[in-house]
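Let the sequences and hints guide you as you build the complete structure.
Each protein sequence line maps, in turn, to chains A and B.
Just so you know, the working numbering puts 19 at position 19 of the first sequence, and the rest follows in order with no gaps.
Just so you know, the working numbering puts 189 at position 189 of the second sequence, and the rest follows in order with no gaps.
Hints in this document: simulated from the structure, not taken from any laboratory.
The structure displayed is predicted, hence computed values, not measured ones.
Among the hints, a few may not be true.
Each pair may be met inside one copy or between any two copies, as identical chains are not told apart.
[As the list claims (entries may be wrong)] Listed next, the in silico DSS-like pairs over lysine-lysine satisfying Cα-Cα at most 30 Å (straight line):
{"#": "1", "residue 1": "K161", "residue 2": "K109"}
{"#": "2", "residue 1": "K2", "residue 2": "K132"}
{"#": "3", "residue 1": "K161", "residue 2": "K113"}
{"#": "4", "residue 1": "K2", "residue 2": "K66"}
{"#": "5", "residue 1": "K4", "residue 2": "K113"}
{"#": "6", "residue 1": "K201", "residue 2": "K109"}
{"#": "7", "residue 1": "K132", "residue 2": "K113"}
{"#": "8", "residue 1": "K109", "residue 2": "K204"}
{"#": "9", "residue 1": "K136", "residue 2": "K109"}
Number of protein chains: 2
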Amino acid sequence: MKRKGILIVVSGFSGTGKGTLMKQLVQSYDNYALSVSMTTRSPRPGEEEGKEYFFVSREEFVSQIKNDGLIEYASYCEHYYGTPRKYVEAELEAGRDVILEIEIQGALKVREKYPTALLLFVMPPNAAELRKRLEKRGTESPDIIRMRLERALEEAKGIEKYDFIVINDKLEECVRNMHSLIQAAHETPERNEELIDNIRKELKNICV
Amino acid sequence: MKRKGILIVVSGFSGTGKGTLMKQLVQSYDNYALSVSMTTRSPRPGEEEGKEYFFVSREEFVSQIKNDGLIEYASYCEHYYGTPRKYVEAELEAGRDVILEIEIQGALKVREKYPTALLLFVMPPNAAELRKRLEKRGTESPDIIRMRLERALEEAKGIEKYDFIVINDKLEECVRNMHSLIQAAHETPERNEELIDNIRKELKNICV
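Here is the structure:
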């Protein structure tokens, strides 16, 4: 019996190192695929087509929406961002676990369409640590840091919607932990319908 | 923050080696406690008080029921069997994960009282393997084996009520797997209310 892939949605406060975590996870274990988003914004210096994003025109993006080519999409600062369906479904079908990074509204939309999607929420060990990390970046003004902390407070309201929380304290440990959580998710009854059906049929045949 | 223990209910077809699995789990890792049931039946040769069971009189058992001293109980072949509450709650409070082995009706009763209980269903890799294991025991007549298979078919109807299925193919691997599932269960939002509340409060304080 072929094991089908799980769609994994990663959310969490800005500054918790989601991106690094996900990259490290994909590098450390086989069987993961990172979903690449589509956007209408222009590439920034160093960004490559198909790596950070698929860069498309507004017309192309709207046509993708119309043709149900996106699992979810949202607009942010006058640009569209979305998750192309084709790549995700091909990878899931091939048995790979596909990872997306999106915020809570997108995460809940994904779960509506893919009821067996796994929702992970990445958190720092505590709020002081979050502020420290945001300040350490050194690239943002106190106003921006404050805005991000306020946003974190807002996002924290949705934590109960997630399947697991992932505390990002030490990177290596956190990546191992994340992998274990995903492995565990493969063992739920709703992700093993075929296996359960098979054993029921077999038992029926034996008992007849 | 002290991590609270999880109440773990293990069910599964007879002949899948639940008992061995649980014993091995408790031996292989710290932090587990095996719940010992109370029963009104007489000890069999070799059975020790407080090890296999707590052996009590019918009067004592009924008094336990009346005083809400049991998490769940059932009668089987004119004898009572139940799970003493005191031991379980003391162990959970001390941060240990407590394991019970009971069938589905009991498992669902436990979940009603302990909404964060973790329900594990142990299965053989397939039904043929289950029959083989039952036959291999060599202690049971074909009629009994047939009865157990029919019972398995009945129990299989409830698999979707469980949080995880545990395939018992190779013992060592299965014990490791079971441990991982339990570790994963510790990372759900509903089992980390205090941690989540704390970070929300901290964020609120920072943002004020």
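For each hint, the structure was consulted:
1. K161 x K109: both (12 Å within a copy, 25 Å between copies)
2. K2 x K132: Only across copies: K2 and K132 sit 24 Å apart there, 45 Å inside one copy, limit 30 Å.
3. K161 x K113: both (15 Å within a copy, 22 Å between copies)
4. K2 x K66: neither (33 Å within a copy, 51 Å between copies)
5. K4 x K113: Result: close within a single copy only, 16 Å intra versus 34 Å inter.
6. K201 x K109: between (35 Å within a copy, 28 Å between copies)
7. K132 x K113: neither (37 Å within a copy, 41 Å between copies)
8. K109 x K204: Classified as between: cross-chain Cα gap 27 Å, same-chain 39 Å, threshold 30 Å.
9. K136 x K109: neither (33 Å within a copy, 50 Å between copies)
Consistency note: the structure conflicts with the earlier hints numbered 4, 7, 9.
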